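Enquirer: Letter by letter, the chains look like this.
There are 4 protein chains.
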Amino acid sequence: MHVGVLTGGGDCPGLNAVIRAVTLALVRECGARVTGIERGFEGLLHNRTRPLAPADVDGILAQGGTILGTQNRCNPFRDDTADGADRSAQAMQTVRALGLDAMIVIGGDGTMEIAHRFARLGMAIVGVPKTIDNDLCHNERSFGFDSAVAVVADALDRLATTARSHGRVMIAETMGRHAGWIALEGGLAGAADLIVIPELPYEIEAMAEQARERLADKGYALLCVAEGAHEPGGEALVQSSLAGEAPRLGGVAHHLERELASRLDREVRATVLGHLQRGGTPTPFDRVLATQLGFEAAQRVRRGKFGCMVSLQEGHFRSVPLTDVAGRYRSVALDHPLLRAAAGLGIGFGTAAR
Amino acid sequence: MHVGVLTGGGDCPGLNAVIRAVTLALVRECGARVTGIERGFEGLLHNRTRPLAPADVDGILAQGGTILGTQNRCNPFRDDTADGADRSAQAMQTVRALGLDAMIVIGGDGTMEIAHRFARLGMAIVGVPKTIDNDLCHNERSFGFDSAVAVVADALDRLATTARSHGRVMIAETMGRHAGWIALEGGLAGAADLIVIPELPYEIEAMAEQARERLADKGYALLCVAEGAHEPGGEALVQSSLAGEAPRLGGVAHHLERELASRLDREVRATVLGHLQRGGTPTPFDRVLATQLGFEAAQRVRRGKFGCMVSLQEGHFRSVPLTDVAGRYRSVALDHPLLRAAAGLGIGFGTAAR
Amino acid sequence: MHVGVLTGGGDCPGLNAVIRAVTLALVRECGARVTGIERGFEGLLHNRTRPLAPADVDGILAQGGTILGTQNRCNPFRDDTADGADRSAQAMQTVRALGLDAMIVIGGDGTMEIAHRFARLGMAIVGVPKTIDNDLCHNERSFGFDSAVAVVADALDRLATTARSHGRVMIAETMGRHAGWIALEGGLAGAADLIVIPELPYEIEAMAEQARERLADKGYALLCVAEGAHEPGGEALVQSSLAGEAPRLGGVAHHLERELASRLDREVRATVLGHLQRGGTPTPFDRVLATQLGFEAAQRVRRGKFGCMVSLQEGHFRSVPLTDVAGRYRSVALDHPLLRAAAGLGIGFGTAAR
Amino acid sequence: MHVGVLTGGGDCPGLNAVIRAVTLALVRECGARVTGIERGFEGLLHNRTRPLAPADVDGILAQGGTILGTQNRCNPFRDDTADGADRSAQAMQTVRALGLDAMIVIGGDGTMEIAHRFARLGMAIVGVPKTIDNDLCHNERSFGFDSAVAVVADALDRLATTARSHGRVMIAETMGRHAGWIALEGGLAGAADLIVIPELPYEIEAMAEQARERLADKGYALLCVAEGAHEPGGEALVQSSLAGEAPRLGGVAHHLERELASRLDREVRATVLGHLQRGGTPTPFDRVLATQLGFEAAQRVRRGKFGCMVSLQEGHFRSVPLTDVAGRYRSVALDHPLLRAAAGLGIGFGTAAR
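Protein sequences appear in the order of chains G, U, S and E.
Residue numbering for the first sequence follows the working numbering, beginning at -5 and increasing consecutively.
Residue numbering for the second sequence follows the working numbering, beginning at -5 and increasing consecutively.
Residue numbering for the third sequence follows the working numbering, beginning at -5 and increasing consecutively.
Residue numbering for the fourth sequence follows the working numbering, beginning at -5 and increasing consecutively.
Chain G with its partners taken away, still in its complex shape (with noise of 0.2 angstroms):
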């Protein structure tokens, strides 16, 4: 048997885990080959593989990134790196080409609906699911989480010694354009004590008193807010970047500082984590969980369960049909365990009534 696996979208904390669990399972257990396909699905396109044997992922366990590279922008149905033509046949040549049995691609919803494409054309092809908000549907923890999650408390932590020492309020800025998991989870580990999300449209007034509540309590405050949150009816101030273009990032984090300034007696100072959520090493539960999703992935390549992605659903590693997951996301559930808890708190959410 011979695998191919490659790695599409952005960047996490755990994809060099799945790659060795993929490699380590297929080549150990099943006498498999596997070999990389480099830069996502352009490495399909322009043939650009590498052999992966468990030589080759020893140590990688604990990298961040992805040791194939990875991008975000090619879509051999729709190639935006070129004239916009589609390239799937090129794509399904190189597949018979390299003489590959089967396929595990590892990405977000944009991957697993490119996944369910080629599915369509007969490539047996397994997803595993990446997304570092955690907002994938059909699956309920996805690795890269814990370690984003991981970067988001230790910089409260950090925010708040000088809070405390200067009577601050200080913001810190978080992933999470459309979901606030991550701000939701991060502050909650990180003991803030305002968390605004996307799902809960802020009033700036009530921020302000809820601050003022906290300044009253303990002398600082410590407020987590998510890149996407805005205003009722208002707009995120993050833009949705071109291809290639940088985001622009703190433009909510920026905007509070200069309205709870106005608003409060005190110093205010936001920051904006951005792409230190990305990087690093993945947390030891990340590695663990992207470790499981690359044996229950070379599991169902080796019988034959193709069309599906793996996921975690309740403590428990099921396939999904590749048709429910492209193109859908998961967002915090107003009812959701962790909100209550939070409200349960007294966390302020700077929601008029909270």
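Don't take every hint at face value.
Because identical chains share one entry, a pair is satisfied inside a single copy or across any pair of copies.
SDA-like cross-link-like pairs, simulated, lysine to any residue; straight-line CA separation at most 25 angstroms [said to hold, decoys possible]:
| no. | residue 1 | residue 2 |
| --- | --- | --- |
| 1 | Lys212 | Glu197 |
| 2 | Lys299 | Leu92 |
| 3 | Lys212 | Cys24 |
| 4 | Lys212 | Gly25 |
| 5 | Lys212 | Arg42 |
| 6 | Lys299 | Gly104 |
| 7 | Lys299 | Asp103 |
| 8 | Lys212 | Ala346 |
These aren't lab readings, by the way, just hints derived from the structure by calculation.
Source: prediction; values computed, not measured.
Place chains U, S and E on chain G using the hints.
Expert: Relative to the frame of chain G, chains U, S and E by itself:
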């Protein structure tokens, strides 16, 4: 409402997070009064308490251990710190004297057994599960466990650089006298080549052979061994500690160091992680989990749901009757997905036929 | 003997270590009484103090910030928090009323200038240098600096995994408005390919060319840029902050992000580290250095050596007259060994001829 | 120019940083060719080498250990891995066969002694000091030491949370058979109450009394003990390891555990840090120091300055003749500022009269 809270048994990262969540939830949302009982049940015997207001729990989320103190020995039903007499009536009397409407006790199976006996005497009590070994029944993931696994993974990362540089076999001994959870998950997270747990008795020749395979493959080998690992029919080398006496750690690690050194033509070095696994700041994951458990316990107190322990099962928080918890523990089932994934990656367990 | 201690200016990891060392040394070895003055010199104006005994400083060695509080604005000789009047007599009066025999003040050049003026009014005062930027005169290494460098190195490690995975140019902006120490040492520690500091004005075309070289070499490039970096004759894009207003960080990072993106055919992404560099637990190095400085200050108080600042010079602790310190700072000399080493490794500085 | 580089003796964080700096400095700035010799001097005997170009050292700055491999045993002048014969001529022959114009050797006093003998045979050789114990002569701070101290400080932070929670005495045993640098600096950084080093023989009754004082003060006590600590006239409990055999660590820690437990009415627990102190990613401080040493060594090669070791003295890099280094080590002088600061803070040394 006036609620008491205590921590019993060995310390563990996340205890302070539970104390903080209980305090914030009860004070801010219910207007209740919260009193901390010091040094476990001993504080109930000697009326050693301190008030807990939000300001008292500011900044403790990230602190390891417990601000209330704890200890392993005091059982009010059989007071081994004194003459072995039953002093439970004295404890009940303290609860009445303090005017406590309810008690929240955070602890392991010993603590839950005492809680259960107090419940039968009429105490309004809610338990919060604490076991760094993750081996309490009816609870699939306990706080402190992720932190312990992170210490093991970090240690294996460190040992790996030496193993690679010198071409050595390095052994890390983890906690786990009866259950191998920490060694299993820590070993997976730290890229161990062999994982040896009490549930799977090892045979030294098989272990040596598996180490030889990895040495041939990649020039070094990493072993992660639970302190309770033993040969078939054999006994664990770690001894039960008498009250107050240090348990003899490192038995199995140093035994394997000698046995493997004589079988392999390589330097073999053992490291016993011991108390490093218990202390220090909880991981963000454990902070969130402990916070949720504290909130859930406060909710049960609020609703008058007593005589139960909060537990996490398949991703949901539930209540388990204290009767069902006391004196039982959970070991690694031989068909557990983590074990299967480990086997599927070619990790050896030191067993004759893996 | 009764000694007061205060922390002035911006917070910094290691302040608590100094407070602890001062307290332990004076109380345990001299039997002195120690009083903490809260919120810098403001505490002297408003008589806000707290006693400091060994028990009060237990556990603070590893805590960032200052348990005494601090602030940037209060100068008793020109009280901008009120009407700008000279309230130094009021401060002297507090010192007498408290019965303080000596004062230890921990702070930067502003604080040392105030200390110098109090010394001339007859206050028995010893200074301890604090500058996270490592730019105080007559002091070759200040506590907090190693901690800030560690944050920068950790950030570059994280950004590198993304840079490699995506083939990007990643920029990290560090502290350093006038002096490039943090960017230089952080950049060396984090394997930056280009290091841009205020002492060496950059030219954008030269910088782009140096980035191109690294992209050709290894497929990605890492830039470490001090916030005060600027073009020849140009001004720093970061603006001096008015009292209480947030400085505009990220100016140069986002400027370079745009300028380089338009010159290189690669994605370029900037991250502004900002307040992350100030907070959090001090590194062990900083804990030891701050502890030694606190001990040395206590020794000077004990021996009646006042009007000086403790300093570290060529590995030895010395006393520098406060007159020599006030209002001066230390920038990176163009023949500094660190700069030469950086140049010798082929690190670019963005200058036309490096 | 063609330059060889090898690492000898025990591994240490920062070795890769030296290898990287040597490579970048020689290749990029001198256009030299660099060849890595594998597994210390053994590689010279068996001609095991690999080319080192900038791409080969990308990403290794933050990796612990050495990519070239190392080992403790091979001395070409007395080859104990074989028959004890002098094979230095064979090594000289390899150097000639490879066409090496110069050698850079990174290692401790054993390595420097071998380097010195090769220098006398006419090899153009430059030494880079490596000693995790910081005990090499003529060098005030060696890379790896800061990383080892950081492991000790982190361990003490962890043990402190347990010590506080349980009211225990916790002991950490560090490296340091002859010199107490790691225990002294690690103990200061980790807030140890007692620091016990080989240079100051301890008396058990004095030690118990000092622990009692701290228990009375604050309810727990932390001890940091070097592995070579011993009673006056006594011998260290750690035994010299025969080649390839594991040294017996934990001797003094477990001895003190028993002795103190019988004298104090408290639980006493020992932890032996062992190999954790050697492995893992170097601290930013060590990365910068090792980078500078590598650059300095390359400079000496460039200028033809051979037969010397680069060293750091009073903040400056100097050259020391290899004759002055071989076979000597540096212990903690009884009037060293760190010792005086520790004494001044009331830290006990377990000596009768401190």
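Enquirer: Each of the hints needs a verdict: does it hold here or not?
Expert: Okay, the hints, checked on the actual structure:
For the homomeric pair Lys212 and Glu197, the shortest alpha-carbon distance inside one copy (23 angstroms) is at most 25 angstroms, but the shortest distance between copies (47 angstroms) is not. In this homomeric assembly, Lys299 and Leu92 come within 25 angstroms of each other (Cα to Cα) only inside a single copy, at 21 angstroms, whereas the closest approach across copies is 54 angstroms. For the homomeric pair Lys212 and Cys24, the shortest alpha-carbon distance between copies (19 angstroms) is at most 25 angstroms, but the shortest distance inside one copy (60 angstroms) is not. In this assembly of identical chains, the alpha carbons of Lys212 and Gly25 lie at most 25 angstroms apart only when taken from different copies (18 angstroms versus 61 angstroms within one copy).
Taking the shortest Cα distances, Lys212 and Arg42 sit within 25 angstroms of each other only across copies (17 angstroms), while inside one copy they are farther apart (57 angstroms). Proximity of Lys299 to Gly104 under the C-alpha cut-off of 25 angstroms is restricted to the intra-copy arrangement: shortest distance 21 angstroms within a copy versus 46 angstroms between copies. Proximity of Lys299 to Asp103 under the C-alpha cut-off of 25 angstroms is restricted to the intra-copy arrangement: shortest distance 20 angstroms within a copy versus 42 angstroms between copies. Taking identical chains as interchangeable, the C-alpha atoms of Lys212 and Ala346 lie at most 25 angstroms apart only when both belong to the same chain, with a minimum of 22 angstroms there against 47 angstroms between chains.
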